[in-house]
Amino acid sequence: MSLLLIVLLLPLIGAAILLFIPSWNRRLIKVIGLSCSLITFMVSLLLWLFFDNSAQRFQFLWPKTIGLSGNAISETSLTPLSPEVLTTGNNLEPTLNFILGIDGISLFFVILTTFLIPVCLLVGWTSIEIYVKEYVISFLIMESLMIAVFSVLDLLLFYIFFESVLIPMFIIGVWGSRERKIRAAYQFFLYTLFGSLLMLLAVVLIYFQAGLCDLQTLYLTQFSEKRSILLWLAFFASFAVKVPMIPVHIWLPEAHVEAPTAGSVLLAGIMLKLGVYGFLRFSIPIFPFASIYYSSDLHNELYSYYIYLFNYGKTS
Numbered sequence: 001m002s003l004l005l006i007v008l009l010l011p012l013i014g015a016a017i018l019l020f021i022p023s024w025n026r027r028l029i030k031v032i033g034l035s036c037s038l039i040t041f042m043v044s045l046l047l048w049l050f051f052d053n054s055a056q057r058f059q060f061l062w063p064k065t066i067g068l069s070g071n072a073i074s075e076t077s078l079t080p081l082s083p084e085v086l087t088t089g090n091n092l093e094p095t096l097n098f099i100l101g102i103d104g105i106s107l108f109f110v111i112l113t114t115f116l117i118p119v120c121l122l123v124g125w126t127s128i129e130i131y132v133k134e135y136v137i138s139f140l141i142m143e144s145l146m147i148a149v150f151s152v153l154d155l156l157l158f159y160i161f162f163e164s165v166l167i168p169m170f171i172i173g174v175w176g177s178r179e180r181k182i183r184a185a186y187q188f189f190l191y192t193l194f195g196s197l198l199m200l201l202a203v204v205l206i207y208f209q210a211g212l213c214d215l216q217t218l219y220l221t222q223f224s225e226k227r228s229i230l231l232w233l234a235f236f237a238s239f240a241v242k243v244p245m246i247p248v249h250i251w252l253p254e255a256h257v258e259a260p261t262a263g264s265v266l267l268a269g270i271m272l273k274l275g276v277y278g279f280l281r282f283s284i285p286i287f288p289f290a291s292i293y294y295s296s297d298l299h300n301e302l303y304s305y306y307i308y309l310f311n312y313g314k315t316s
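Counting in my numbering, the sequence shown runs from 1 upward without gaps.
There could be a bad hint or two in this list.
Straight-line alpha carbon distances no greater than 20 Å define the calculated EDC-like cross-link-like pairs of lysine to aspartate or glutamate that follow [to be verified]: (1) LYS273 x ASP103; (2) LYS273 x GLU254; (3) LYS273 x GLU163.
Please keep in mind that the hints were generated in silico from the structure rather than gathered at the bench.
Sequences and hints are given; from them, build the entire structure.
Written out as structure tokens, the structure reads:
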């Protein structure tokens, strides 16, 4: 069994154990949750210890294919797809590949995730006294989901885990300390969910026309210029909300203020970096032409916006 798969499953095992613990035994629930998160963190350090910095490939692979084809995808079976294939589909058989793997970028985010979860549980050790069982389980489930986001090598599954993180985060928002906590939780959930609809359309388009969303293959695929520009915009819309970037940042201040302390730590420490990870993992390497195409225009727009703010500050 892959070490990465063990790191992914440990929080889920801890959450499953907590299901059998009586809700009134709050201290035992906290101890089990914290112990499970600490063990996960220590095991994740083994990923860093055994990581080969000289290898330019995904490591700790755990290949398993689920779908119509039933064929596992290996590093030696990658076949680049041409723009013509992506346009016509060429009768490719759709598959859903559950493949785990990490490189230098995702390794950092996985360790950051496993480090912050026990910190968040310690932050709420004395302040959280109601629905403790649900609170700890939500954190453990979210830990597994975020590890999956940073390690899954299938674009469609990435999107599923990418959006699934919102569910436990929304639940955690219920433990906020102010009157508008429910409104803030709904605002956070709906903003980020609707912001990902364009990305969903892009993923579905690639999936049904190319027949796969395997990340290793997509890195070798050449998209037409027009198609890559449109797909890049769809991905940008989703990741911009997660970062968040102006003007789709309205949900962030209220979410930070209304969330419990542990929720704010998790939001600032990991959640806001999901969008940045998406840019680095998908937008830039899969659509290099579109990234270059938009970089010059975006730079000019930001510069013009900076000049406007500078002049506005001088006159006000």
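Now the hints, each set against the structure:
1. LYS273 x ASP103: holds (17 Å)
2. LYS273 x GLU254: Since the Cα atoms of LYS273 and GLU254 sit roughly 18 Å apart, the hinted pair holds (cutoff 20 Å).
3. LYS273 x GLU163: Measuring from Cα to Cα gives roughly 14 Å; hence the hint holds.
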